[in-house]
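Undergrad: Take a look at the letters that make up each chain.
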Amino acid sequence: MSNNISYNELVIKFANVNGSGSASANTFCAKSLYRMGIPIAAKNIFPSNIQGLPTWYEITVSESERLARKENIDIMVAMNAQTYASDLNEVSSGGTFIYDNSIRRNFDRDDITIIGIPIAKLCAEEYSDSRQRQLFKNIVYLGSLSLLIGIDIDVIETLLADQFKNKQNLLDANINALNIGRKYVMENIDYPLNKQVRKCNKNSNKIMLNGNEAAALGALYGGATVASWYPITPSTSLVEAFEKHANKLRKTEDGHLNAAIIQAEDELSAIGMAIGANWNGSRAFTATSGPGISLMSEFLGLAYFAEIPLVLFDIQRGGPSTGMPTRTQQSDILSCAYASHGDTKHMLLLPADPNECFEFGYRSFDYAELLQTPIMVLSDLDIGMNDWVVDEFKWDPEYKHNRGKLVTADDIEKLKSFARYRDVDGDGIPYRTIPATHPEYGSYFTRGTSHTDTGGYTESGVIHAEMLDRISKKFETSKEILPQPIININSPKSKIGIINYGSTTIALNDAMAQLSSNGIGVNHLRIRSFPFAKSIKNFINDHDFIFILEQNRDAQMKKLLVSEENLDVSKLISLLNYDGMPLTANFIVNNIIESLNNNKNIKAANSPPIKIV
Amino acid sequence: MTFIKKPIFRHPSLPTNAIGLTYRDYEGVVSTLCAGCGHDSITASIIDACFELSLPAHKIAKLSGIGCSSKTPNYFLNNAHGFNSVHGRMPSVATGANLANRDLTYIGVSGDGDTASIGLGQYCHAIRRQLNLTYIVENNGTYGLTKGQFSATNDKNSKNKRGMDNPFGSIDLAVMAIELGAGFVARSFSGDKEQLVPLIKAALDYDGFALIDVISPCVTFNNHGYSTKSYDYIREHRSVFGDLDFVPEEETINTSYAEGESISLKLHNGREINFKKLGVDHDPTNQHKVINILRENRAEGKVTTGLLYIDPNKSDLHQTLKTSNTPLNALAMDDLCPGNDYIDNINNLFR
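Going down the list, the protein sequences come from chains R and Z.
The first sequence lines up with residues 1 to 613 when you count with our numbering.
The second sequence lines up with residues 1001 to 1351 when you count with our numbering.
Pulled out of the complex, with its shape left as it was, chain R reads as follows (with noise of 0.2 Å):
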C-alpha cells in the first residue's frame, strides 16, 4: 500500500440488496465515524421496494466539513453483482473496490485496488442458518472495513453495545462477526489502504439524526396532541416517531396517553382530522408528501378560508405522480403554495436541516395559532429519511408556547362583543373561541362557504370581498412573524448573489468554499418561510444577477418570487436539479461557473474579470 496516507477526507459507498440487513451495518458505520468526532453525512440511496433491488448508502466524511455529495467515490463496499459494473466505474482513480470474492471476478481496472474478502463463504462456515448467514455477512463487511480505513474497533463495539442493550447473545453474535471480517483482513490483505480515517474532536456538541424524528420531537415541544396520518413515503417515519416518544415523554401515571395517534384510511381523512382537532382546541398536525398534498388540497382550502389553525409536514419526494418516492426533491412548493381552489395561500417553512426540522416541528404550531391558517412544513426525503450530524437541540427555558388570540372564558366576557372573523387589531387576524368556551357567548358556525365577520351565512360580494381581502391582509403581517432569511454578505462589492432553501445548503455552503477559492465570490440567502419577508426583495435588488438554487424541474421558487414579489425576471438565473439525489457541490460550481462564463452582463459584474482553472 502506499506511504502517502491522507486522514478523514474520503467518500464510502455501500453497494447492496436491500431487505438484506445491509442498513443496520452501513449505520453502524456512519454512526462509528461520527462517534469518532469527525465530520460526516450519510446518503440512503434506497428503492421503493421491500426486498431484491439494489441499494446504497455513502458516506461523506470530511475533517475539513466539505460535507456535499461528492461524484467519486473512494471505497466502494460491493455487496451486490447485480450492480458491479456501475459500482467499480464510480470508484476514483486510486481508489478501492471492495467485493465478495466466494465468486471470484475478473474486474477491469487496473488504476484502483481491488480487495477480494470471500464474505459468503466465511459465514457459511461459521453459520449454520441460512437467515444468519445472511445477516451477519453485513457485519463481516463492516469489520474488514474497520481495520482496512482505521474505524476505531473500540468504538464500534461500544455501539454495538448500546444497540443491544439487555441481548447479550445478539451482542456476541455481533462481535463474533465482526472479529471474523477483521481476522480475515489481517491474515490476508495489504492493510491498511491510504485514505484512512482517525479521531478528531469535531462532534461534541453535535448529534446524529434525521430530519423526520427531529420535526417528531418538534411537534412534542410544541404541544401537539392530535396526530392523524396516512402512510407515505417518505413522511412515515414522522409520525412513527411521534407515536414511539410520546409513549416515552406522556404516558400518564394510570396508563393513559396524553396525545392520540390515528391511521387513517387516506390522506383526506388525515387532514380532516386534523382540522377538526385544532378547530376543537388540541395542537394536532398530520404529516405526507407530494401525492398527499394533492389528496388534501380540499381541505387545505377550507382550512384557509374558515382560518383553522393547522400543521401539515411535508416530506417532499421525486414528482410528479408516483414519481419517485424513495428519492428527493423540492417539487412541492407551487402546489403548496398555493394549494387548493379559489383565491387561496399558504404559509410555508422550509427548514434545511434535522435542527431546524426541530425548530420548525415546534415553532410552527405557534405560527398556525398565532396565524390561524395551516402552516406546512416543507421538509424532503435527504432532510426526512437521511441521518445528519447536526448541532444538538437547544429549549430556550423562557420559550412560552403562544396560541395567538385564543379566547378563555374569563376573556369572552370582558369582551363587549365577539365576531370570529373581525379584524379588531387592524392586523388581519381575528379572536377565535373553541366550542365550550362559554355557555352563552361565543359560540359561532365554521364554514367554507362565504361568511360575514360573526360566522352567518353570506352571498355578498362586499362582504365575500372585504373577507378575501382581510385574509390577504393576514399573509402580510405573518411576513414579519415567520422565520426570517439567512443572509451572508461573503463579498460585499459582489454584486452576484445566490437563493436556495431546504436541503441544498450543505452542498451550497461547500460550493461558495469552492468558488469563493476561485476568486468568485458571492452572497447568499437561504429563504425559510413563505410569504416572502422583505429583507428578500432587498438583497435581490441589492445584487445584479441572483442565481436560484432548486431541485425541481420547473424552478418553483423562482415562479413564485416572481408572482408574489413582482421581479425582474431577467436578473434571476436558476440551477436546476431533479435527479432525485442530493445535491453535489460540483453541479452548483460548474453550472455557475458556466453562467458565468457564456454571459457577457454577469461577467461585467463580477469584477475583477474570474479565470477558470
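Where hints are given, some of them may not hold.
[As the list claims (entries may be wrong)] Computed list of lysine to aspartate or glutamate pairs in DMTMM-like fashion (alpha-carbon distance at most 20 Å, straight line):
1) K1322/Z <-> D1335/Z
2) K1059/Z <-> D410/R
3) K206/R <-> D1344/Z
4) K251/R <-> D1334/Z
5) K206/R <-> D1341/Z
6) K251/R <-> D1341/Z
7) K416/R <-> E440/R
8) K248/R <-> D1341/Z
9) K244/R <-> D1335/Z
10) K400/R <-> D1334/Z
11) K400/R <-> D1335/Z
12) K394/R <-> D1344/Z
13) K202/R <-> D154/R
14) K405/R <-> D1334/Z
15) K394/R <-> D1341/Z
16) K394/R <-> D1335/Z
17) K202/R <-> D1344/Z
18) K1322/Z <-> E243/R
19) K1322/Z <-> D254/R
20) K248/R <-> D1335/Z
21) K251/R <-> D1335/Z
22) K1302/Z <-> D1172/Z
23) K1059/Z <-> E440/R
It should be emphasised that the hints constitute simulated quantities derived from the structure, not laboratory data.
Since the structure of chain R is already known, use the hints to place chain Z on it.
TA: Relative to chain R, chain Z alone:
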C-alpha cells in the same frame, strides 16, 4: 325558504327543563330549506331531544358535510359551535374534534349523497373506529341542491321526478353500519317525531357510534307518486321494528305499552334503554338476525324503522386508543412540553 329573522323574544311562561332552559334556547337560525322539507322536522326533533335531556348546548358540537341536510346544524342549538365542513368529510372532522375533547357531545348531520357516495369511505371508517358520535343521515334519496339527481340510497327502479328509472341498486346505510360494527343503529322517518325523538335521545347518550338513518322526503325533487322515499310511500310501507323508551339514570322507567314484550338493556355508562319489541321475533343485540330481518323486510318492500341494533358493551375510540381521561385540549402546554429538563436526554439519544 324565508328571509325572516327569528325574534329574540321569549314568552315568560315557556316551560323550562332541568337546567332552566326553554325549548327556544335550543333553536338555531331560521331554516332556508323548502317548506315541508323532512329535514326541518328532524331539526325540530333534535331540539326536542336536547331540551328534554337538559343538555347544555355549549357542550355539544354539531358538524356536517355539504348538502341540504348539512345546512341544518345552523338551524338548531345556537349556543353550540357548528362546523359545516366539506362534502363527505364530516366523519374525519368529527373524529379530530372528538379526539381533542372527549367530554363533549357530538352530533354529525349528513345526507345520503354526503354519506353514501362521496363520503362512504369516511362513514365506514368512523364506524370501524367506534367514534362517539350521533350520526344522523337525513336520507331523501336525491341530490336536492343540484336539482334532483339520484343518490346512492335511491332504490332501484324508483323513478325521478321526470319519470326516469334509477338503474342502480341502493346502499342500505343501516345494514352497512351493523356489518361494520356500529354499536347503535336505528332507522326512522322524519314524519314520526314520537319515534325519532327517543331514538335521538338514546343515540346522544350512547358512548360509541350511533347511526340514525332518517328517511326524510324531499318535497321538491323526490316526493312524487313513483318515488320510494315520498311521505306517502314511507307511511304505507313502514314496518316499525321496535319501540324505544330512553331512560336517563335519574329517572324511573315509565312506559305504557299495550302489547308485546319489553326488554331493558343496561348500557355501560350506567343508563338503560327500554326496548319494546313489536310483533317480530327480534333481539336487537343479535347482529346476524337483525341483518336477516332487515333484508327480508326490504325484499318485501318494507321500510323497517326503530332501534334496529344495539351493542351495550362497545368500547369507543378513546377507550381503544387509551387517551387520557382529561380532554387533550385541556392539557396545559407546560405539561405537554418536555421542556429544558429533558432536552439533554433527547440529545443523548442521538449521540
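Undergrad: Please go over all the hints and tell whether each is borne out by the structure.
TA: Outcome of the hint check:
1. Between K1322/Z and D1335/Z the CA atoms are separated by roughly 18 Å; this keeps the pair inside 20 Å, and the hint holds.
2. Taking the CA atoms of K1059/Z and D410/R, the gap is near 17 Å; set against the 20 Å cutoff, the hint holds.
3. Between K206/R and D1344/Z the CA atoms are separated by roughly 12 Å; this keeps the pair inside 20 Å, and the hint holds.
4. For a cut-off of 20 Å, the pair hint linking K251/R to D1334/Z stands: about 15 Å separates their Cα positions.
5. Only pairs whose Cα atoms come within 20 Å are accepted, and K206/R paired with D1341/Z is accepted, the gap being roughly 18 Å.
6. With a CA separation close to 17 Å, the supplied pair K251/R and D1341/Z stays within the 20 Å bound.
7. Distance check on the hinted pair: K416/R and E440/R sit about 13 Å apart at the alpha-carbon level, within 20 Å; holds.
8. Taken as a hint, the K248/R and D1341/Z pair is honoured in the structure, with Cα atoms around 15 Å apart against an allowance of 20 Å.
9. Taken as a hint, the K244/R and D1335/Z pair is honoured in the structure, with Cα atoms around 18 Å apart against an allowance of 20 Å.
10. Only pairs whose Cα atoms come within 20 Å are accepted, and K400/R paired with D1334/Z is accepted, the gap being roughly 8 Å.
11. With a CA separation close to 12 Å, the supplied pair K400/R and D1335/Z stays within the 20 Å bound.
12. For the given pair, K394/R sits about 9 Å from D1344/Z by alpha-carbon distance, which is consistent with the 20 Å threshold.
13. Taking the CA atoms of K202/R and D154/R, the gap is about 19 Å. The hint holds against a cut of 20 Å.
14. Our distance criterion of 20 Å between C-alpha atoms is met by K405/R and D1334/Z, whose separation comes to about 18 Å.
15. Taken as a hint, the K394/R and D1341/Z pair is honoured in the structure, with Cα atoms around 11 Å apart against an allowance of 20 Å.
16. For the hint linking K394/R to D1335/Z, the alpha-carbon distance of about 18 Å falls within 20 Å, and the restraint holds.
17. A hinted pair counts as satisfied when its Cα atoms are at most 20 Å apart, and K202/R with D1344/Z qualifies at roughly 19 Å.
18. Of the pairs offered as hints, the one joining K1322/Z and E243/R holds, with about 13 Å between alpha carbons and a cut-off of 20 Å not exceeded.
19. Distance restraint check for K1322/Z and D254/R: the Cα-Cα separation of roughly 10 Å lies within the 20 Å cut-off, and the hinted pair is therefore satisfied.
20. Among the hinted pairs, K248/R with D1335/Z is consistent with the structure: their alpha-carbon atoms are about 14 Å apart, no more than 20 Å.
21. Taking the CA atoms of K251/R and D1335/Z, the gap is about 12 Å. The hint holds against a cut of 20 Å.
22. Under the criterion of a C-alpha separation no larger than 20 Å, the hint pairing K1302/Z with D1172/Z is consistent with the structure, at around 13 Å.
23. Note on K1059/Z and E440/R: the hinted pairing holds, with a Cα-Cα distance of about 11 Å set against a maximum of 20 Å.
Going down the numbered hints, you'll see the structure goes against none, and every one checks out.
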